[in-house]
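A.B. asks: As a plain string of letters, each chain reads:
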Amino acid sequence: MSAREEILRRIERVESARGARRATGDGDVAAAYARIDRRYLRRHHGGAGDGGILDLFAARVADYRATVLRVRVSEVPGTLAERLAAGSGSYGVPSGLPAEWTSATRAALVRDPPVSSLDGLAGAVTGCAVAIAETGTIVLDHGADQGPRALSLVPDRHLIVVLAERVVADVPEALERLDPRRPLTFVSGPSATSDIELTRVEGVHGPRALEVLLVE
Amino acid sequence: MTGRAAREDGPGRGAMPTYLGTPSFPDAARRAVSDARLRGNLAHATTTIRARRAEAVAELDDWAELREAGRQIKDHVLEHLGHYLRLLEEKVTGAGGTVHWARDAAEADRIVADLVKATGETEVVKVKSMATQEIGLNEFLAEEGITAYETDLAELIVQLGDDRPSHLLVPAVHRNRADIRDIFLRAMEDVPAGLTDSPAELAEAARRHLRAKFLSAKVAVSGVNFAVADTGTLVVVESEGNGRMCLTLPETLISVMGIEKIVPSRRDLEVFLQLLPRSSTAERMNPYTSMWTGVHPGDGPRNFHLVLLDNGRTATLADDVGRQALRCIRCSACLNVCPVYRRAGGHAYGSPYPGPIGAILSPQMRGVGSEVDASLPFASSLCGACYEVCPVAIDIPEVLVRLRARVVEDGPRRPLERVAMAAAGWTLRSPTRLALAQRAASSARRVVARGGRIRRLPGPLGAWTETRDAPAPPSESFRAWWARTGGREEDGG
Ligand code: SF4
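Chains as they are written, first to last, in this note's numbering: chain A, -14 to 201; chain B, 3 to 495.
What the hints contain is simulated information worked out from the structure, not anything from laboratory work. Every residue, glycine too, gets a C-beta built ideally from N, C-alpha and C.
For the chain B half of the interface with chain A, some residues (derived, Cβ under 8 angstroms), not all of them: (1) R209; (2) V230; (3) Y290; (4) S292.
Start from the sequences, fold in the hints, and give me the full structure.
C.D. replies: Structure, rendered in structure tokens:
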């Protein structure tokens, strides 16, 4: 008997010994699943008329010791140019990043850099798919304005442009908006570890500097 | 089929490394308690994290509802495990991954080693995983000529220090920053000259040490926190970015998961992504969570293998009370609050799973035939703190009581009774607050009475049940004592 058959048979035996219905049809499972008690909140902040979601998001991201800059759309090129000029070296950008965002930037930009070159870059600039106010989390689905996963991982600085309409109040809403068939990366602050005396220390393998431009 | 035949031919027990030479809990615990430095490190770390966890949890008004949903989702999966495993297999395969099944540790080790060999590589990078520790994968790969590099900072500390993990989440929790610096200076070949014990410098040293490995690795091995059955999506929750490196940069990714790690649907992640980070590192969200579904063309590994591991899980599933241990999401909150763990340290539990969860998981997965496994159910004062913090409401004391009965029924009697008594004695002896905690628990929770299974154990263990049932009202309730002292040690045990 293959390992697969044997494991499934062990499980079936337990199920039948427990008097559970044998060969449960999909319908039964779905009905049982629908009965799961989900009385938890869909969101913890930001009820109707609450304009505080962006404030909450900015504060919670800052709690992780990331840099948060709140800008108007027209200020994105200038602010980005300033931030990038503060470092030295070139920056990777995905080809789908709106060109106007980097229109004022003097720093060298590399479009869609190959993975082998990433370790030599000063940083990367990307957009994001969704952002979660409650937890200060930014989610990348690695679409055209974000690039493949390695781009925002290997370089030491990650600048993310977050459009206000991408910010949701809480975790459940964020998951609803995401496509599970895409690779997803949830980022909450810069790389950190709790491995030394259970205390958070920033900066291990991922980007040590996380800078967020929140566009309102 | 007769019950007897079903038992013999039924769910197999698992195997995992037993870490101690003289392996009963009380002997190992006694040794650990005499190590003042270890106890100091452990007490410091767990006291800090405990307070922060309480804050992180208090921030959500609906914690009780989230916890209940988490419990129900996991129970639902365990009730329909065969269905969900088949569904997961179908979805992962459909997304370009390959699914393998392993009855036990040896089979899983063999599968992984053969997959690595098929790539022609002799090195793999690893992201911390309980499942691969459970199957002793690194040791097996070494025998097969394959070097596994642990990339999690704590695992690196354990590996470089030629040490054993002592905590689920922070395997090097028994090491303080000065210890870590010493280990790095001794064992890290490219250690920066003049390394101090500042945590930032230590983290930086680890970053530099592993960077080249990440960039050149062709094969990675990971565990899995959650597997979403209806999409085939796998989830890894981490902090440092070493997980992202392993999941993204190599050409081949091999992930090993216990069969109980499934959640039915993506929607269920909304529950666990709230429960897990707050319970484990006391954060609103951990720095990085990665999700992937099979193979993503142009992004990440080109080959993905998922190994589904039984290794005693189906045996655990067979017990009506004990099966709730399979709800565990490995957050480690129960370790941090456990007065016995805080005194004994993780190594005393003699398996990759320390603390209260280890005390109910190891004896179920491996059976209670060995001294260490027979003594583990007694390595507890049944104070119930573990149950209160558990984000999926595993009633650990209830399972412990159940397993105590099993030790008495199943074990080769004499030696097991001796270790069991020794463990119970060690747990309950001298430190007054433990006795206090135990009495408080006894009157407050009535685990034994409520379980309705054992009021009095036969033979010498009867003495123990008598103690347990003694209704002497505590002069100070466990909660009050806890609030006053935070569980700090007051004597040398
Ligand atoms: S038993 Fe509960 S508290 Fe302990 S590690 Fe598992 S989920 Fe966390």
